[in-house]
Amino acid sequence: MLKKITMTVNGVKRTVEIDVRESLLDVLRDKLGLTSVKQGCGVGECGACAVLIDGVSINTCIYLASWADGKEIRTVEGLEQDGKLSSVQQAFVDGGAVQCGFCIPGFVISATELKEKKQSYSREEIRRALSGHLCRCTGYQKIVEATEKALEED
Amino acid sequence: MYDISTYEEATTIQEALQYLKENPSSKVIAAGSDVLIKIREGKMAGASLVSIIKIEELKKIEKDKDGNIHIGPLVNFTQLEEDPIIREHLPYLGQGGGTMGGPQLRNIASIGGNICNGATSADSGSTLVCLNAQLTLTSLDLERVVPIGEFYTGPGRVDLKAGELLTDIVILRQDYEGYVGKYTKFAQRKSMDIATIGCAVMMKLQGRVIEDFRLAYGVAAPTPVRCPVAEAYAKGLTLTKENARAIGEKALEDVSPRDSWRGSKAYREQLIKVLAERAIWELANGGGEQDA
Amino acid sequence: MEFTTIGKSVVRKDAAAKVTGKAKYTRDMEPKNMLHAKVLRSTITHGIVKHIDTSKAEAMEGVLKVLTPFNIPSGNFPTAGHPFSLDPAHQDIADRKALTDRVRFYGDEVAAVIAVDELTARKALKLIDVVYEELPFYLDAEEALKEGAVEIHEGSKNITGHNTYTVGDVDIRDAFAQADYIFEDVLEVQPVQHVQMENHVAYAYIEGNGRLVIVSSTQIPHIARRVVSQALNMPISNIRVIKPIIGGGFGNKQDVVVEPLVAVMTVMMNGQPVMYDMDREENISCTRTRHGVRFYMKTGVRKDGRFLAKELRAYGNGGAYAAHGHSIIGKIGGNFYRTYPAELATKYEGFTVYTNCSVAAAMRAYGIPQIAFATEAHVDNIAKEMNIDPIKLREMNMVKEGFKDKLSGVTINTCGLPDIVKKAKEYLHWDEKIKEYANQTGEIRRGVGMAIFSYPTATWPVALEIGGARIVMNQDGGVQLQMGATEIGQGAATVFSQMAAETIGIPYEKVNFEEFTDTDIAPFDTGAYASRQSYVGGKAVKKAALEVKDKLLTRASVLLSLEKGDLDTQDGQIIRKDNGQQVASVADIALDSYYNYHTADTIAADVTATVETNGIAFGGSAAEIEIDMRTGRIEFLKLINIHDSGTILNHMLAEGQVHGGMSMSLGYALSEVMLYDQKTGKPLNNNLLDYKLPTLMDTPSLDVSFVEPYEPTGPYGNKALGEPPTVPTAAAIRNAVLQATGVKVNVLPMNPQTLFEHFLDAGLIEEA
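Sequence lines, in order, name chains Y, S and F. Under my numbering, the residue at position 5 of the first sequence is numbered 5, and the numbers go up by one with no gaps. Under my numbering, the residue at position 159 of the second sequence is numbered 159, and the numbers go up by one with no gaps. Under my numbering, the residue at position 766 of the third sequence is numbered 766, and the numbers go up by one with no gaps.
Some clues are possibly wrong.
Quick list of in silico lysine-lysine cross-link-like pairs, DSSO-like style, CA-CA up to 27 Å [as the list claims (entries may be wrong)]: (1) Y:LYS13 with F:LYS22; (2) F:LYS146 with F:LYS564; (3) F:LYS97 with F:LYS682; (4) F:LYS8 with Y:LYS84; (5) S:LYS27 with S:LYS43; (6) S:LYS204 with S:LYS241; (7) F:LYS744 with Y:LYS84; (8) Y:LYS4 with S:LYS241; (9) S:LYS190 with F:LYS146; (10) S:LYS43 with S:LYS161; (11) S:LYS59 with Y:LYS3; (12) Y:LYS115 with F:LYS22; (13) F:LYS564 with F:LYS542.
These are computed hints drawn from the structure, not numbers from a lab.
Sequences and hints are given; from them, build the entire structure.
So, in structure tokens, the structure goes:
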């Protein structure tokens, strides 16, 4: 059951032949080599596979690739600009928010969604906005702190 | 890769109905957070799917000239929570939906999907039951309107016939105007969890007297249920702590929670009582969410 | 001790790679011609496979091979991430095969399919018919020990291991006879799971030269290599194990879980690469767990509160296979004796018991979360009964500096407990709060509680402690650091780099640590467990770095015609010791070592260090909580862990470790448990919705503090830190519940329903 879809992936228009049974996770990882998109559970309960779809953080393990036709997809591979990490990425690095790192692309994606909304958030709102991602290493503390810091910067 | 045997993708209601008619055994997939999981588990492995997520006309929230509010079944929970019409008139519905799953799930999972999978734990379910939501079910041959209370027919079962699609969720003006409301979800975790008990309370107050009262629960019975006994008991009562407590206790006559490894009957009954009592008391004291 | 790089919060070596997706985990590197495997897991809990019909699966398009216990080349092998023992009596029990016809738990590995893709393999599994003969099963350790219970492993009487000891100058009965009071508690902790975010995943292939290569998400590459050699009866030199970046382990990958199976598979596929990537559901219920343990604890106390005699019987539910054998329940015994040494005598008896639950093995802190919960709850129960301040009771009885452990022979050189307790008291405003929260009656009650622990660093004297390090200096004065010790997310790469930089005298940025541990390249080390690496591996790095520094200064002294003894290194420069003057750069000397026409001899060191010491680490936790009496929900007002792990090598990373440990302990305290259907033995909650790992919203703001005595046996004054953070928090929360309500909760988890039931039993609330 093959089908061609066209999506903008990290700023580049890509036409990909997919199997309609594939999740977007499958296609991003296996066809486009975007391995930051991690599979932690396959059922939308961990958040490790989240990417930005038209600017909104969504779990790709339970998102059919076919739905991405015509969408703008962004992963953490596309956040660096001119060799510089994005403010969210930099805050995660500097703030010690990263340990094993498996959940981190997902957190960076959801934090980036917040950052791009250009609103101000209380710590409680940040916590809620990131609460769709599980992490076993960090107790979330430094992830929240790093996100808060990234949101404070212009 | 999912074990799917056929897949059609509709972009209009008409197209979807056509596909459903052509292949009556096919299942509707909305945002997928239920259907894809069931396919992976094996419960729906090999399913024929009709995807409706690209039907833009099902993603709107509107208030008609009569003041009835129409919620498109593909409205996702983030949209529901942030929508100005919902915020103005049904804030407790948005707030309740905001307790469902986690943010990435709410960014896509739809209110229609939440209703049609028939789960008693659906976080929009008890509020919609309280609101007496009217569901428009459309097939190529027929369109019918069913109150949500009748739509739920059993655990995981709904009155959706082959070839039918949920096309509108209507909250009638008389069902929301003048009410204050609150949804309380009690789950083991505060995010990404299913309710141990979900409790929706709506009240219309005349000073300190309860003029109208609606109460519904999720996970207190095989489907989300209203509480006629407690509602009748509450009407006309003055708001006191004792009365709030008494109403909560009365609700036990309306429900039939079960013992499972996820929670005991006794514990669920405790929550049924406490959540209603506290919600009533909070609403009585200006808390909760109200129709502005 | 003055350090330049040690102790600094330098940024992790791999952080940028991990926020950009450049970090490559096992699944991210698959070769293009990969085959995929899925495992058929038993749908009974205990029994025998009588027959397997694979014909329909084999006939399916896309299926290349169906493996059964009857057609694979796998012998028995042990799985524990322990060093090999030369003494056959001390070797780990070799009770597993890559697939089994004897089912011992629900989900045991019965068959496997190799196919062109995962979906095909998954579908083919459904076409395999298995006929079982069922046997009675046991989910409870003491049930499995009953007379007449069917043996899960033949000849075992369902005992994996058993040990008993008595220490003290007085007979244990006499010691209890001298006590003014005797307190007894039955305490129980539940089995829980690691839930590292990356599931177990491995793939294997055979290179053109006939060597087997396994790429695996493991904490123990060198041990995995040895075990695969045992399983396939293949020379160890023919096997190469590569560990890429790994997405967490917490002990679950301190067992050899998937490597023998993928090795068998590629052998059967003529060396074509085969991958096995576990589903989350399999990972939760079919890999390893933390032992559930039931404790029968008894303490004889003098009127003044001093513990005179202590006795403990512990039953550890080891699940279906030996894995780590009796090591964990054995370690519980050592800890029971050490943290609060009794004045007269201590007696311990521990059992590790085979049951038909998921296999229990190593999970962060190896038995100590269990015993610490039991001990700390018991101590608070005693304090309550005797009406003594629980902190005072601790101060009176806890172990002190200079204590010589009669079981292990280890002497405690440094002990931060007095400072830890002091900090905890200040943090909580203990004296005021304990009064303020006495005798509450409302729906919402508050309480304060604390707990302490002791924790060995690495495994000496129980096991061998050996670690290797290789340092090669590059032309520009930077270095390559290669180790068998593994980075698993804890920050090993970073702190080892700090150590090398510190000792060689170069900037941290000039150290490159190879995070992929490749047994062809990495020096021997047994891997990441027992909070051992910064202590054992650290000693190896220091030894190698000192050698490199010595070679550097030797060359510099010849080149500069200066006395070697007058020279030192500092921040990448060669300096004169007397006036600090820079006389050359390390880079100048390094370049010379490569290209000097006459004396070229690159600067490198390749060393092994062994450790025959143990610096005992300490810590504690303090909690202030609020309980909703009617729902049983706990909210946190304040929560801190305070650790004595000796010198803190990197404060930012250390805080992160502590936060993670606290979060894991919160789950242990309040929500996590492996549940089984009592009628069928089937796991009930092996998914991330039903297994209640704390989410961000469940995790309060976490505070961390350190006391830092310089531990003389640590290479940089350091002691264990990786595991200890997950030890004390659960007990501190439990003790706060006791203080708030007067209710002794002697079981975990204290989820809302459990607390509701306890409060109901205590008559604190009315029934619905």
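Hints the structure fails to honour | Those not satisfied are hints 2, 7, 8, 9.
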